[in-house]
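Engineer: Letter by letter, the chains look like this.
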Amino acid sequence: MSKMQSILEKLAINPVQAVEDYKKKTGKGAVGCIAPYTPEEIIHAAGMLPIGLWGGQVELNKVRAVLPAFACSIMQSIKELELSGSYDILTAVLCPSSCDTLKAIGQKWTRKDVPMIQFVHPHNRKLPAARTFLAKEYQHVRERLENVIGEPIPDEAIVQSIQVYNEHRAVMREFARAAGAHPDLIDPKTRHLVFKSAFFMRKEEHTALVRELTALLDEAPVKPWDGPKIILSGIMAEPDSILDVMKELHIAVVADDLAQESRQNRVDVPEDGTVMERLAEQWQNMYGCSLAYEHEKTRVPMLVDMVKKNQADAVVVAMMKFCDPEEFDYPMIKQTMEKENIPLLQVEIDQQMQSVEQFRTRMQSFVEMLRHE
Amino acid sequence: MAENVQKTAPSSREMLGYYLNKSYQDAIEGKARGELVCWASSIAPCEFCETMGIHMLYPENHAAAIAAKHGAEEMIEHAESMGYSVDNCSYARINLAYMDIQKCVAENMPLPDFVLVCNNICETLIKWYENIAYQLKVPIIMIDVPYNYEYEPSEWAIDYIAAQFEHAIEQMEEITGKKFDYNKYREVMQIAAESSYWWTKAMGMAAAKPSPLNGFDIFNYMALIVCMRGKTGCRDTFKKLAEELEEKIQKGEPAFKEGEKYRIMWDGIACWPYLSHNYKAMRALGMNMTGSTYPRGWKLDYDKDDIRSMARAYTSVGNNLSLEAQIDLKTEVVRTYNCQGVTYHLNRSCKCMDFLFHEMQTEVARRTDTPYITFDGDQSDPRNFSKAQFETRVQGLAEMMEQRKS
Ligand code: SF4
Ligand code: SF4
Numbered sequence: 001m002s003k004m005q006s007i008l009e010k011l012a013i014n015p016v017q018a019v020e021d022y023k024k025k026t027g028k029g030a031v032g033c034i035a036p037y038t039p040e041e042i043i044h045a046a047g048m049l050p051i052g053l054w055g056g057q058v059e060l061n062k063v064r065a066v067l068p069a070f071a072c073s074i075m076q077s078i079k080e081l082e083l084s085g086s087y088d089i090l091t092a093v094l095c096p097s098s099c100d101t102l103k104a105i106g107q108k109w110t111r112k113d114v115p116m117i118q119f120v121h122p123h124n125r126k127l128p129a130a131r132t133f134l135a136k137e138y139q140h141v142r143e144r145l146e147n148v149i150g151e152p153i154p155d156e157a158i159v160q161s162i163q164v165y166n167e168h169r170a171v172m173r174e175f176a177r178a179a180g181a182h183p184d185l186i187d188p189k190t191r192h193l194v195f196k197s198a199f200f201m202r203k204e205e206h207t208a209l210v211r212e213l214t215a216l217l218d219e220a221p222v223k224p225w226d227g228p229k230i231i232l233s234g235i236m237a238e239p240d241s242i243l244d245v246m247k248e249l250h251i252a253v254v255a256d257d258l259a260q261e262s263r264q265n266r267v268d269v270p271e272d273g274t275v276m277e278r279l280a281e282q283w284q285n286m287y288g289c290s291l292a293y294e295h296e297k298t299r300v301p302m303l304v305d306m307v308k309k310n311q312a313d314a315v316v317v318a319m320m321k322f323c324d325p326e327e328f329d330y331p332m333i334k335q336t337m338e339k340e341n342i343p344l345l346q347v348e349i350d351q352q353m354q355s356v357e358q359f360r361t362r363m364q365s366f367v368e369m370l371r372h373e
Numbered sequence: 001m002a003e004n005v006q007k008t009a010p011s012s013r014e015m016l017g018y019y020l021n022k023s024y025q026d027a028i029e030g031k032a033r034g035e036l037v038c039w040a041s042s043i044a045p046c047e048f049c050e051t052m053g054i055h056m057l058y059p060e061n062h063a064a065a066i067a068a069k070h071g072a073e074e075m076i077e078h079a080e081s082m083g084y085s086v087d088n089c090s091y092a093r094i095n096l097a098y099m100d101i102q103k104c105v106a107e108n109m110p111l112p113d114f115v116l117v118c119n120n121i122c123e124t125l126i127k128w129y130e131n132i133a134y135q136l137k138v139p140i141i142m143i144d145v146p147y148n149y150e151y152e153p154s155e156w157a158i159d160y161i162a163a164q165f166e167h168a169i170e171q172m173e174e175i176t177g178k179k180f181d182y183n184k185y186r187e188v189m190q191i192a193a194e195s196s197y198w199w200t201k202a203m204g205m206a207a208a209k210p211s212p213l214n215g216f217d218i219f220n221y222m223a224l225i226v227c228m229r230g231k232t233g234c235r236d237t238f239k240k241l242a243e244e245l246e247e248k249i250q251k252g253e254p255a256f257k258e259g260e261k262y263r264i265m266w267d268g269i270a271c272w273p274y275l276s277h278n279y280k281a282m283r284a285l286g287m288n289m290t291g292s293t294y295p296r297g298w299k300l301d302y303d304k305d306d307i308r309s310m311a312r313a314y315t316s317v318g319n320n321l322s323l324e325a326q327i328d329l330k331t332e333v334v335r336t337y338n339c340q341g342v343t344y345h346l347n348r349s350c351k352c353m354d355f356l357f358h359e360m361q362t363e364v365a366r367r368t369d370t371p372y373i374t375f376d377g378d379q380s381d382p383r384n385f386s387k388a389q390f391e392t393r394v395q396g397l398a399e400m401m402e403q404r405k406s
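Line order of the protein sequences matches chains P and A.
The numbering of the first sequence is this note's numbering, which starts it at 1 and goes up by one.
The numbering of the second sequence is this note's numbering, which starts it at 1 and goes up by one.
Take the hints with a grain of salt, since some may be wrong.
Derived EDC-like pairs (lysine to aspartate or glutamate); straight-line CA-CA distance at most 16 Å [to be verified]:
no., chain 1, residue 1, chain 2, residue 2
1, P, K62, A, E80
2, P, K136, A, E155
3, P, K108, A, E150
4, P, K108, A, E359
5, A, K280, A, E155
6, A, K137, P, E204
7, P, K334, A, E80
8, P, K126, A, E187
9, P, K321, A, E150
10, P, K136, A, E80
11, P, K108, A, E166
12, P, K126, P, E248
13, A, K137, P, E296
14, P, K321, A, E155
No lab work stands behind these hints, which were simulated from the structure alone.
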């Protein structure tokens, strides 16, 4: 499978290198996009490189003095990286205000040379007034970005970028399907790498590589899998070491509902309306995410459907510690999974996790339990 | 804590007890008669529900009452058995547990026929109320006020909020099957404005030197401005309180008979399970809480004929302000109320307040040249507070304030 290997190698990107290479190649900069959702299409249309900021495994020092320990680890890492100057290679940073922590992160920004462009997604999403609001909010993002780069970002360019992004989303959905069918070829960490690399590349390039990868997977024979098949749900499943443990335990991730992975590709930007209205409407159409308000909680039945459709054995909630939006969803997921007799495991996610021993023990006994089911 | 006032007319303290009890009783009796009950967040626009004659109850206030009566722990444990994390806001945990078991040490609260939520205090409320609506299968009326990451709210945010007010009225007409009565609405708005006026006026009297108001009383009186802002009982109570305080100022009667040695600002919610401990520890040091952000919390001034002005009032509330605006607000409190120091309650429940502390503390201290301390606590989870730490920290604050005096 050397062809597949060579694609995967191209996807294994060093973000800092990627930014520097991009600047050299195009003379344009990169814009940071703090997790989870930002209108990347606007940045892409400016010819810049949108970079997803999802924290990472860093030693927490400087952040200790400015953020209490009970903030989620992803924002702890982001703040640490900001304070230590890691983001100074960026032209600007976009930050949504979806939860109490994100609101503060946008406000606490200190890098004077890297402007912070904060914005808000509306919660009362289904109202026409919410679309109008968000369209104006995105327009405000656009104008601030135009100010930073000193040139306009034309509508036509954004329309084109929307197309690039929709295509990318479709290709990623196809990849998720193909990877689910081939856990023998795509292990949990590799699967994650394919999703994550999208945050460090221009989407058209990523689309081309992933399309090729998916085609290779589709050509390969489907082999029976005798290990447990799981659905992963949550914000993210990092550090990578936990995915290694899953591989060790012969676990297949057959589908996911992670903010960092499939939620990014769940809904396309629709066709009708002005450019900004189209981007706004995508948020109105979003579903099944703890950050997109829904008193129907479609995430719950969606997970049940995902289990059935993918013939999964269990749902594993990768719970970002101190993440209110996710933590508030969990009791409802628990209730329903119990009712539906679907095995459920909640594991704690801490990006700074030093040892995976506790994780391994919990996973191992869960796998044991599944075997006896 | 309060001194007895002559028995001719009821004191504001008596009125407070009477009306608070009445709001729960009326809801219980009303529910039994088949009238509608709404649960609402503490700075949600109550005007619409009041106009429709709906009984309003406030889970945050209810959770605080449970915590003050030392009944929080069993509720919190129940919430955790439901799958809630120990790290979620303890008001939410208490309320969601109450919803499940419908029993507690405080007054009982009938379950809602619908809920009303406004996120001008935090985003956590959105998830909390989403869960209530999902679990009880009741309608939810949401007033989503976008976070003001810039100093002033944007015009398009105001448009969006105003549109939601109109939508809320339609939803309420649908829920009640009644037409919205705009004449009644004007009356309610008038009462709410008067309540806010007298609340702000009474609380503002703590600026006098010495203060006639025992600062911790703010925590008690607050229940009424939360629960009954649209009712005359609320207005009358605060009017009465203002009169009582005015009289004390005239007579030169301080809240602390022994004299107030230090005036401080308290930032954050009270620690309900330890209210009397906190009060005693501070009073022993001669510390009166003269400053807090609560007087401003319900200072909802708006033009009754202009829905956009109302939108602006509801979005310009403490926690929904930008960091810069919050720093200005707190600086103003320290100055207006002549505070010599600040205690910051690092509230384990409340991320939206805590996560800006570092910048806020540094800047407010710099601008006002006042010392501050931070203590670890929680408004209603008794497990997250240490008496010893609190005492040491306030002692430390007293020492710093003393040094500055000399
Ligand atoms: S609390 Fe959750 S939603 Fe908020 S920033 Fe952290 S991980 Fe993201
Ligand atoms: S205590 Fe904080 S998190 Fe809880 S409801 Fe109040 S503002 Fe929100």
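Engineer: Hint by hint, say whether it matches the structure.
Structural biologist: Against the structure, the hints:
| no. | hint | in the structure |
| --- | --- | --- |
| 1 | P:K62 / A:E80 | 33 Å, violated |
| 2 | P:K136 / A:E155 | 10 Å, holds |
| 3 | P:K108 / A:E150 | 13 Å, holds |
| 4 | P:K108 / A:E359 | 7 Å, holds |
| 5 | A:K280 / A:E155 | 47 Å, violated |
| 6 | A:K137 / P:E204 | 44 Å, violated |
| 7 | P:K334 / A:E80 | 12 Å, holds |
| 8 | P:K126 / A:E187 | 32 Å, violated |
| 9 | P:K321 / A:E150 | 29 Å, violated |
| 10 | P:K136 / A:E80 | 41 Å, violated |
| 11 | P:K108 / A:E166 | 35 Å, violated |
| 12 | P:K126 / P:E248 | 44 Å, violated |
| 13 | A:K137 / P:E296 | 9 Å, holds |
| 14 | P:K321 / A:E155 | 36 Å, violated |
The structure shown violates the earlier hints numbered 1, 5, 6, 8, 9, 10, 11, 12 and 14.
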